[in-house]
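Protein chains in written order, with my numbering: chain A, 1 to 128; chain B, 1 to 388.
Be aware that a few hints might be false.
Interface residues of chain B toward chain A, partial, derived using beta-carbon atoms under 7 Å [unchecked claim]: (1) F18; (2) G60; (3) G120; (4) M141; (5) G142; (6) M151; (7) G246; (8) A247; (9) G376.
Per the computed footprint, the stretches of chain A lying under chain B, defined by three or more beta-carbons under 8 Å from a beta-carbon of chain B, are [stated by the list, open to error]: (10) 29-43; (11) 62-70; (12) 86-94.
Hint data in this document are derived by calculation from the structure and do not stem from the laboratory. All residues carry an ideal CB built from backbone N, CA and C; glycine is no exception.
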Amino acid sequence: MTQGVFRSSTDGEGAPSLAGSRCRYCARVSFPARPICPWCGREDTEPVAVGRRGTIQASAVVYHAPIGFTAPYIVALVELAEGPVVFCPITGCLPDENAVPPGTPVELVVAPARAGGAPVFQFRPLGG
Amino acid sequence: MLREVVVLGVGMHRFGKFPETSLRELAGEAGRRALKDAGVLPRQIQAAYFANALAGLLTGQESIRGQVALREVGVAGVPIVNVENACAGGATAFHQAVLAVGSGSCDVALAVGAEKMFVGDTGRTIQALAASADVELTHDMGLQFTAIYAMRIQKRLASGALTLRHLAEVTVKSHRHGCLNPYAQHQKEVTAEEVLASRPIAGPITLLMCSSVSDGAAAAVVCSAEAARGAPQPLVRVLASELRSGAFRSGAGEELSTAARTVRAAYEQAGVGPEEIDLVECHDATAPGELLYYEDLGFCKPGEAGRLLDEGATTIGGRIPFNPSGGLTSRGHPVGATGLAQIAEAVWQLRGQAGPRQVQGARVALTQNSGGWLEGDSAAGAAHLFAV
Ligand SMILES: [Zn+2]
Chain A
1 MTQGVFRSST DGEGAPSLAG SRCRYCARVS FPARPICPWC GREDTEPVAV GRRGTIQASA
61 VVYHAPIGFT APYIVALVEL AEGPVVFCPI TGCLPDENAV PPGTPVELVV APARAGGAPV
121 FQFRPLGG
Chain B
1 MLREVVVLGV GMHRFGKFPE TSLRELAGEA GRRALKDAGV LPRQIQAAYF ANALAGLLTG
61 QESIRGQVAL REVGVAGVPI VNVENACAGG ATAFHQAVLA VGSGSCDVAL AVGAEKMFVG
121 DTGRTIQALA ASADVELTHD MGLQFTAIYA MRIQKRLASG ALTLRHLAEV TVKSHRHGCL
181 NPYAQHQKEV TAEEVLASRP IAGPITLLMC SSVSDGAAAA VVCSAEAARG APQPLVRVLA
241 SELRSGAFRS GAGEELSTAA RTVRAAYEQA GVGPEEIDLV ECHDATAPGE LLYYEDLGFC
301 KPGEAGRLLD EGATTIGGRI PFNPSGGLTS RGHPVGATGL AQIAEAVWQL RGQAGPRQVQ
361 GARVALTQNS GGWLEGDSAA GAAHLFAV
């Protein structure tokens, strides 16, 4: 079942995942889930759980935070194991410039919703 | 384009902090100046395009921003289209005006971009800017646009293609140019040491490397070449006008960036390449971003941006000056106005009217405007080529 960008675990593993879609024709995966394949254009996709694992493509420490955030914290582009790239905060490590260099394996964390908002996804270094 | 389009006139309201000036007043001054420069009366404008990105969130003015603002220019009754395309709105409005004239649907069109970002609470403005992304995917994630640039730059620092000194020196150059521009928000030289010692914002990007929140407006009048006879100013021809959006990207990210695709399309439309261009106004939302554009826009090979800067090629007086106006970093970045300010600078440069920042003998100019952010790249891109 899908709730926002998340898929609740119906596969028995119990781990949270993101709600993506896979093209039944070319097998490429999209996140967020889309009714039409961005790559081949066919309107033939199926829901698929993605994003339990990924690797850091790039990251940066934010020193000047927007309203409601406390600097410093890390944001990153994470390449999901299934292919798509997402932007999100990185948790579970100190906000140092070299905390999560490119290639660092990371795992999905569901952060609680802020007041009035929906829960957001984050990643943390694997085993961290 | 079915027929040739020329720029008849341009005008700006200075960029900066103007707490007493409203959005319509900013737009009005830029628009009236453009009409005066063009030698055109308000009733001669047959269509108008008005760019603004943030008024809905910041002042509550939605839906009919152009109709409201352009009354200050004396333009009403004709088609007015409200353009919203994040930081690329200004060039998008201009593109629409060029299409309207180029297609023959009208002879004279006006494009105005205006933004009012000082609303007494900079935090609210920064929050509004963060809405230029997919808010369903990035809400409550601490998205901050400087961090996006920081991630791109960090890759070059890690590979050794760029150094912190390059980031500082390109910022010094930007501010040196800005000092020569009476429309610029920042008109003060800075040293490399001051740049590196200023407050860190994200990754290696410091405060002085960033474009600022700003109030301002810019405008242009375009016209068909045949209807332009007898115009008061030297005519500047529009060689190319291209608009693109961010494409789907694979995880590997080997596709061309939005900016690169847009500019390549403009080169193709005009039959002009980087070697024939005399100056560039590019979208340096952070000064180090300009270094990435040297490569993206085809002015040097990948990895050689630092060398191009070191050679002095991109400074006024160099082989290919970038951002003689000071760019977004020093001119300021009232987002909906920026694209048209780039175009105004190109027009002044090509007419030989840029005063102390004049690029000598400039014949061909490129302007490149980016907007928003979606799945790892700009959501909008616009590129224009001009010639005298
Ligand atoms: Zn497909």
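Status of the hints after comparison with the structure:
no.	hint	verdict
1	F18	violated, 23 Å
2	G60	violated, 19 Å
3	G120	violated, 14 Å
4	M141	holds, 6 Å
5	G142	holds, 4 Å
6	M151	holds, 4 Å
7	G246	violated, 12 Å
8	A247	violated, 9 Å
9	G376	holds, 5 Å
10	29-43	holds (count 3)
11	62-70	holds (count 8)
12	86-94	holds (count 4)
Checked against the numbered hints given earlier, this structure breaks hints 1, 2, 3, 7 and 8; the rest are met.
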